[in-house]
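Sequences and hints are given; from them, build the entire structure.
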Amino acid sequence: MNNSIKEVIGVTAVTMELTRNTLLKGEIPTNDKTVSWDGEIQVYNEKNHNKSSLYGRVPVQVKAHEVEYLSGDKIKHRLNKNDLRNYYHDGGVLFFVVEFIDAFHKKVYYDALLPIDLKMIIEEMKDQASINHEFGTLPSENNALDIICRNFILNSRKQTQNVLSINASDINKNRTLVIPSVGPNLSTFFNYPTYLYSKEEHYNLEIPMERIQVLEIVQETNLQIGINGEIYYPNATKRMEKDKTIILFGGDFTIFVQSEADSDLSNLKLNLDRTGPLKERIKDTNFMIAVLTAEHIEVMGHQIPIETSDQGLMKELRDLVKDLEELDGVFDELNVTFNQSFDSLKEKDFRNMETLKDIILHQDYSDITTDLKQSSFLKLKIGSFTILLATTKKNDEWLVVNAFESDKIFRILASEDKSGPGFEISSYMIVEVKQLFKMANFNLGELEKSFLEIDYDTDPARQYVNYYLLDIVKYYDEVDQNLEFLDFTKKVYEHLTKFEEDNDETYFLNIMQIIRRQRSFNGEEIEKIIDRKNKATDPFVICGYLAILGNITEFDYYFNQLSNEDKDNFKKFPIYKFIVDALNYK
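Using the numbering used here, the letters of the sequence shown map in sequence onto residues 1 to 586.
No lab work stands behind these hints, which were simulated from the structure alone. Be a bit skeptical, because a hint or two may be false.
Stated by the list, open to error - Calculated pairs, SDA-like style, for lysine to any residue (alpha carbon to alpha carbon, straight line, at most 20 Å):
#, residue 1, residue 2
1, Lys-491, Pro-574
2, Lys-242, Ile-147
3, Lys-348, Asp-358
4, Lys-373, Glu-326
5, Lys-242, Phe-189
Claimed, not checked - Here are the computed distance ranges between Cβ atoms for each label pair:
#, residue 1, residue 2, range
6, Glu-210, Ser-71, 22 to 30 Å
7, Ile-166, Glu-307, 56 to 64 Å
8, Asp-349, Glu-325, 17 to 25 Å
9, Asn-339, Asp-457, 38 to 46 Å
10, Pro-277, Thr-458, 44 to 52 Å
11, Asn-228, Asn-48, 50 to 58 Å
12, Asp-332, Asn-228, 26 to 34 Å
13, Lys-76, Thr-34, 36 to 44 Å
14, Leu-320, Ser-384, 19 to 27 Å
15, Phe-256, Ser-71, 33 to 41 Å
16, Ile-231, Ile-526, 54 to 62 Å
17, Glu-325, Ile-231, 34 to 42 Å
Cβ coordinates follow ideal geometry from the N, Cα and C atoms, glycine included.
What follows is the structure, given as structure tokens:
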């Protein structure tokens, strides 16, 4: 078959598609000798095709191939670089490729090549004279070609060569992402490729970034969902996909709506996943019980019938919510905000939940494998949460309680050696700071009560507490800069000074380094520090004063007088942080 006949078949196939769109007018002559183009499609806003209603024009190229069998959804056709350059300078081209077996069996493929597409293709080609390019099947909807042409005109006008010469990454960062559309129908986004633009606010420029295919659109809505006139959920998330709409609300609920029934909402499927955080699961389960009892759900005040064929579902939900509320009560009693999603938990976590309920609600310790007489504290891990429990004895009976109820747990007697005299310390001091402060039920107020109610009337007791408090200061520096931790350590140090008759140098220094973390020193505090520094004779102590003052030069002088061992020890104390900070600032 000669090329002229092929061209006629190709142009005829495209023209037939145009006849399905009353707002389009084709000017695609056969045997046309125009360089790179075969004609154009004129797009109008009115059916009478008046000049005043012309929306724009779309340059067109048509290629036809005779084949034995029609291809699938995609084909490849070779494009010439010189043609691509011409298309680029003209604002793009709507390129058709027609496959035909004969005049009656044919298939139309297309691609709308906008300037940014052409620029990328030409850059990809480098020194090649031509390149294989993929084309997709022309959609079968009657208005498909109208949408394609209007999208082409809209984006071609935005993609001028001046704008294309600007790199989106080079412009002001105060910008938003924009996806233009030719109409309000969201299906346009899903069925046809579109373009992403970076809008620069100051110059009101929209810089084309790339062609994209939208797979879903997520929208926060004020869609109110409830039952019997009571609104349970004042807003919902609407996720729109090509063939369905999904409404998400609460922690676990999804409503599936077929796209064609989106405005009706009577054709929906309600699903409860049972995977969200605890309190959301309780609310969602109670709502589901209310829905099944009323046999309907209300969306924006409209009642929608809900039916279930599972007769045992109601009992299952009531049992579930009872268990969840018991568990929630246990966490509340322990002062734990358990917000981890249930779908991230493992079988062992659920077993530990049951164990925790048994311990707190029923004093049932059958699942505890540790001898209660041999353990002061027990740890129970549920997901990413670790809960600290304590063993205690009441009326000759061993109990397990919340470790952060200081009045219920044992006092600890410690000694420097087995034969030495004992002294009282807080029970919490047998747990490392980094572990204790990360417990899910950690309660700083209970820690404070425990530390302040003890009389530290021996040097070893005060030394133990001093080192533990310094570990808390180090935890503040390295892990969690919660100012309440500093308030706590300062109170305990002030409590310790009551038991120090002559020399409270250590506690004064540590109180001052805490204050330095909280704020700048006032004049009176600076005067006291300098006065004590001038009276001190121990280079180690002098270095401490100079560290909190940030005096690097004098610090170096006294620091060099220390032994290597003392230097290493000094660096381990949190007070050395001020020297590091001063050096970094310098």
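Evaluated hints:
no. : hint                          : in the structure
1   : Lys-491 - Pro-574             : 18 Å, holds
2   : Lys-242 - Ile-147             : 16 Å, holds
3   : Lys-348 - Asp-358             : 15 Å, holds
4   : Lys-373 - Glu-326             : 28 Å, violated
5   : Lys-242 - Phe-189             : 9 Å, holds
6   : Glu-210 - Ser-71: 22 to 30 Å  : 27 Å, holds
7   : Ile-166 - Glu-307: 56 to 64 Å : 58 Å, holds
8   : Asp-349 - Glu-325: 17 to 25 Å : 19 Å, holds
9   : Asn-339 - Asp-457: 38 to 46 Å : 44 Å, holds
10  : Pro-277 - Thr-458: 44 to 52 Å : 48 Å, holds
11  : Asn-228 - Asn-48: 50 to 58 Å  : 55 Å, holds
12  : Asp-332 - Asn-228: 26 to 34 Å : 28 Å, holds
13  : Lys-76 - Thr-34: 36 to 44 Å   : 25 Å, violated
14  : Leu-320 - Ser-384: 19 to 27 Å : 23 Å, holds
15  : Phe-256 - Ser-71: 33 to 41 Å  : 35 Å, holds
16  : Ile-231 - Ile-526: 54 to 62 Å : 59 Å, holds
17  : Glu-325 - Ile-231: 34 to 42 Å : 22 Å, violated
Checked against the numbered hints given earlier, the structure breaks hints 4, 13, 17 and satisfies all the rest.
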